[in-house]
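Top to bottom, those sequences are chains A, B, C and D. Numbering-wise (this note's numbering), the first sequence opens with residue 1468 and increments by one. Numbering-wise (this note's numbering), the second sequence opens with residue 1468 and increments by one. Numbering-wise (this note's numbering), the third sequence opens with residue 37 and increments by one. Numbering-wise (this note's numbering), the fourth sequence opens with residue 37 and increments by one.
Do not rely on the hints blindly, as some may be mistaken.
[Claimed, not checked] Okay, the calculated bits of chain D under chain A, using three or more residues with CB under 8 angstroms as the criterion:
| hint | segment |
| --- | --- |
| 1 | 179-191 |
| 2 | 331-344 |
[Unchecked claim] With a straight-line cut-off of 20 angstroms between C-alpha atoms, the simulated EDC-like cross-links for lysine to aspartate or glutamate are:
| hint | chain 1 | residue 1 | chain 2 | residue 2 |
| --- | --- | --- | --- | --- |
| 3 | B | K1607 | B | E1667 |
| 4 | B | K1753 | C | E328 |
| 5 | D | K92 | A | D1718 |
Hint data in this document are derived by calculation from the structure and do not stem from the laboratory. Each residue gets a CB set at the ideal place from its N, CA and C atoms; glycine is no exception.
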Amino acid sequence: MEMPTINSRAQQMDAEVISNKRLGAYNHIVLAVNEIATYAKPGNFVAISVGGAGSSMVLRRAFAIYRAQIRPDGQGVMELVVAPHGNGSKWLASREPGESVNIVAPLGTAFGIPTEPVRALLIGGGYGSAPLFALAENLKTKGCRVDMVLGASTAAKIYAPLEGKRSVNSMTLTTDDGSAGTQGRVSDVLPSVIEQNQIEIIYSCGPMAMLSAITDIANRFGVMHQCSVEESMACGIGVCMTCVLPVEGRDGITRMVRTCIEGPVMDGSKVTWSKSREIPDGVWGK
Amino acid sequence: MEMPTINSRAQQMDAEVISNKRLGAYNHIVLAVNEIATYAKPGNFVAISVGGAGSSMVLRRAFAIYRAQIRPDGQGVMELVVAPHGNGSKWLASREPGESVNIVAPLGTAFGIPTEPVRALLIGGGYGSAPLFALAENLKTKGCRVDMVLGASTAAKIYAPLEGKRSVNSMTLTTDDGSAGTQGRVSDVLPSVIEQNQIEIIYSCGPMAMLSAITDIANRFGVMHQCSVEESMACGIGVCMTCVLPVEGRDGITRMVRTCIEGPVMDGSKVTWSKSREIPDGVWGK
Amino acid sequence: MMETNYTFDFSTALADRRIPNPILTASGTAGSGKELSQFFPLSDIGAVVTKSIMLKPRSGRATPRMAETPSGMLNSIGLQGPGIDIFLENDIPWLVSQGARIIVSIAGETVEDYAVLARKLRAVPGITALEVNISCPNVENRGQVFACNPTTAREAISAVRRNIGGELPIFAKLSPDVTDIVSIATEVVDAGADGLALINTILGMVIDTNTMFPRLSQKTGGLSGPAIRPVAVRAIYQVHAALPNVPIIGMGGVASGRDAFELVLAGASAISVGTATFGNPTAAISIKEELENILIEKGFATFHQAIGFAHREEI
Amino acid sequence: MMETNYTFDFSTALADRRIPNPILTASGTAGSGKELSQFFPLSDIGAVVTKSIMLKPRSGRATPRMAETPSGMLNSIGLQGPGIDIFLENDIPWLVSQGARIIVSIAGETVEDYAVLARKLRAVPGITALEVNISCPNVENRGQVFACNPTTAREAISAVRRNIGGELPIFAKLSPDVTDIVSIATEVVDAGADGLALINTILGMVIDTNTMFPRLSQKTGGLSGPAIRPVAVRAIYQVHAALPNVPIIGMGGVASGRDAFELVLAGASAISVGTATFGNPTAAISIKEELENILIEKGFATFHQAIGFAHREEI
Ligand SMILES: Cc1cc2nc3c(=O)[nH]c(=O)nc-3n(C[C@H](O)[C@H](O)[C@H](O)COP(=O)(O)OP(=O)(O)OC[C@H]3O[C@@H](n4cnc5c(N)ncnc54)[C@H](O)[C@@H]3O)c2cc1C
Ligand SMILES: Cc1cc2nc3c(=O)[nH]c(=O)nc-3n(C[C@H](O)[C@H](O)[C@H](O)COP(=O)(O)OP(=O)(O)OC[C@H]3O[C@@H](n4cnc5c(N)ncnc54)[C@H](O)[C@@H]3O)c2cc1C
Ligand SMILES: Cc1cc2nc3c(=O)[nH]c(=O)nc-3n(C[C@H](O)[C@H](O)[C@H](O)COP(=O)(O)O)c2cc1C
Ligand SMILES: Cc1cc2nc3c(=O)[nH]c(=O)nc-3n(C[C@H](O)[C@H](O)[C@H](O)COP(=O)(O)O)c2cc1C
Ligand code: FES
Ligand code: FES
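Use the sequences and the hints to build the structure in full.
Structure below.
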């Protein structure tokens, strides 16, 4: 195991909610932060305390950082896209501007940016699109072509803000119910998008089943695949071992690896997308 | 045991906070309620859920009803005086107007009002003065003379609003630190106040040690003493048996009696103000 | 929610007795019933479980008797109550008059106590079942709790079984404070319990950091409320796995229909609501309604189908 | 707060070892130490307790490995780790380089495992004490947990005692899932434990009401967090009352200085912080600071005076 320098920029702080707007099925939340806005990279996440003082919820909730920057007025801001799901995310989604939340950020690995211009495909499922827009901008700066495929069960669950659309060369939508874009799943349209645009690298973020399906297709086409995974996390900082996935290391050995600190962004081809609820054979220490 | 008809007017409802103002060491909170405002009598209390959804605090908090009435505009209001003490009362004291709290009220016994005009002394310790002002008004209506003694550790902990002072014939203050009124305890000034005003009945509300001391003096002077006691309550509605005190019944037998449903207002002379942490000898079923 | 055009069967069986719905009060958390009846008709729930009644009047313990804890509370009431005779004279007839179904909880200090209590109850009309609280100190055995030892647990239950006759179903209420709850459960079923009630409170303590003494007068108390729900679910799941045909009255931290459903999936045939009532006088009613909605939404046609459903084979 | 013009002595003794303050990490909740060191210098706390290390590399259990519960959580990690050899090669030297005091937690599947682990550790420099986690399934005894049976608990601890030599103090970490924790504590102390660590997690289960299966892959898991604090306080109080001279590392739901103080009053000589770190990476530091302030405010001149203070005679 290497010394994790990965969270060395992470800070814990109270961050004031600057704005909180409902957008389709999600809440777009802007937090006032300090210089950590400059350290956060696309793919990093933030861990947030929920429920306030006297809450029965003892664990932080993880959210991808949608965007982080220092505004012209010098104020650091961090933006999130939150799906009100259970008690914790509902609490967060109901914070009013002026209230504060306690955050730890930036955490985890970031998407790797190629040094040469490449043809990149960014795939997001539901709120999984959140970290992809900042990534798209970065890739654009490096001269990459950026195509995007976003999928969700229904139109309201596709998160694709206007300014985000501007930073991509093409945008394909899929919905399970056909309410926006092609009816079907992201994986249905993938082969043709890859072929048409001669994709060299895929970046993805979304539900685990989607990431697994993308990995199969990426492998088939021999395309690199960096995906941001989403395992249940108790600590988010690498100390509890709850968030593991079987991942093959450089030495060819598959280990149960913490997705909070050696992820959430991982090489899709190295993950054993096995059935959950078991340790695959051959894993180190099984 | 008699059939408790005592809480038959009690209702559970969400009550909006109309106002919440800091007054000395306390918060004066006004809640919007329905017709229960007409049922609440001085001495009754309200049980309030604290902490909001996802709170780790599972029990309601009890507060004396300071005043309850239907306003000229038809709106029922219930007023409380809250000392921010632990997590629950602090949560309550920090509610903003417009927020709602879940209440069950009116609960428990009320102060008994004499049918004839009598000379009454009302004694309050700290926020224990809260239910006494509405009581004073009632007694005045019955033609009683009403004297009042309020005590606390320090001036900021004496709750005595201006309009309240108007409804009493005399008001004596005591503070432990001498920052207002006589330095000392309520019980120090009591004998002279009782003698001077030829008191026939004492009503009191405050810490248990104070009630116990008042009972001794009241017995000595042969004066009736109705006191509102404050035992830790888990349910407030008579189902849990946590809030008991040893109290002598009409049959002369002392039983462990629930102060939430056969109190909080009790005949002071019937309570065995024994050391806590033991069941006095002779209690039924010991 | 799915549209349903069938009638959902919400009834459940406690051994050979059928009650119209599976929501009960938990022993010791519903007073005599009268206090709760100010908030809802007692006949609306499956049954009222009475506080554990003993042979003689009991003053209970000194105060403080309770302390709030994170997502729970400690209590140390010490089984305050009027004793079986007054109880039979006053409480039972009143509950019967309300149309409530009644489960009488009994507790003893000796094996003989249990026997006498059973004899006093055997001919009483209007009772649906007995819950035998064996989580009490056994005065004949260094105060060790009956339910903490297979032998004493068996003795208490056999005494009730022998004296109650074949009439009333008896549910043995077990303590979770044991190394192996399945072995205790097996023992009491073997001794004649028709069913089990799981779980009683967990032994705990709170120290008041102001006085720097234990908060409760008796130092320790029983922990209840949502904090202990995972322990209740585990105990019910383990016991249902070992004794799938033995009905279980499940309880421990149920505060919503979702929570009740969790215990049902683990193997409970009925659900008692305790501490939640303290926070919400009508908790039992909302839990009942929420549970029914969840079951219908999930596509169950009867409550019975959901009992122990989490034990099915994974596919 | 009172003005103090003396220096408060915050140090504590773990058997014959003295550490500068009583706040430790709880085993299995501080990673290898490196992760936490991003948030505070490890030398600032009394000691780092390592995750329980076993003989061989362990993959641990399948996911999901955790579920949040009211004021707590369940975990079922299954002791994932690199095995003692890699641990000694990598983790210990790094912790030593940080100036951290180290308590190594060990766990075995057989009595022989414990013996071998002790032999591998006896000559390792830089270790303050051993914590022997005997809350693990014993593969030679139907998977029953060592700590749940006085005989197997004794065997594991004797094996460590015999093989560690007289050097390192050993603390036996007990499970609260037993009928009588005092008897287990007495047994392991008799077998040579210098101290005790109380409490490990409580066995629990969460059923996912969507999938209608147990949430964790292994069904049951260990309950930790504030929900279990009353159980920890009770266990520590009982054991300290029975064995007043045996130092106890207390833990279970400590999230603030007040909570730590509660366990100290019950009888703990040091406090491990576990689940609280997940909610707040610097929890150990704030707990340490808050505890020190409380002790000074209460007028204690030394930490030592407060240990078990709730056991004094009431006047
Ligand atoms: C790296 C990462 C990035 C994420 N980014 C986003 C994002 O940008 N926007 C967004 O809306 N959500 C995101 N999620 C999911 C988000 O963390 C969960 O929706 C949230 O934790 C649910 O909490 P809850 O209290 O609402 O739900 P509950 O179901 O009540 O939560 C109970 C427990 O389960 C955990 N949990 C529940 N659902 C999930 C989940 N899907 N993933 C991980 N843990 C879960 C919670 O953290 C909590 O500990 C992300 C998760 C991870 C791990
Ligand atoms: C009949 C009655 C009338 C009351 N009237 C008032 C009032 O008008 N204004 C006011 O400020 N306070 C009043 N109190 C006291 C008030 O209920 C407590 O201050 C409050 O419960 C403390 O809760 P907490 O969460 O802030 O404190 P915590 O100490 O965190 O509470 C923990 C637990 O202890 C109980 N508890 C703590 N202190 C008391 C106490 N003094 N009395 C009873 N239970 C307690 C709480 O209810 C809770 O269950 C009254 C209490 C009773 C019984
Ligand atoms: C105040 C109180 C009193 C109780 N009294 C009894 C009792 O008399 N007999 C009994 O078997 N259980 C008693 N219990 C235990 C409950 O019936 C129940 O088993 C336990 O509280 C767990 O359920 P809950 O979390 O829903 O409260 C009592 C619990 C509380 C909180
Ligand atoms: C994720 C997790 C992993 C744990 N791993 C271990 C372990 O390896 N060895 C051990 O003795 N205890 C382990 N424990 C138990 C803790 O050390 C501690 O005894 C327990 O969590 C109670 O303390 P807490 O409430 O502060 O977390 C673990 C607990 C958690 C939550
Ligand atoms: S969430 Fe704790 S190690 Fe990853
Ligand atoms: S508070 Fe429950 S009976 Fe009085």
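Results of checking the hints against the structure:
no.: 1; hint: 179-191; verdict: violated (count 0)
no.: 2; hint: 331-344; verdict: violated (count 0)
no.: 3; hint: B:K1607 with B:E1667; verdict: holds, 15 angstroms
no.: 4; hint: B:K1753 with C:E328; verdict: violated, 44 angstroms
no.: 5; hint: D:K92 with A:D1718; verdict: holds, 19 angstroms
Checked against the numbered hints above, the structure breaks hints 1, 2 and 4 and satisfies the rest.
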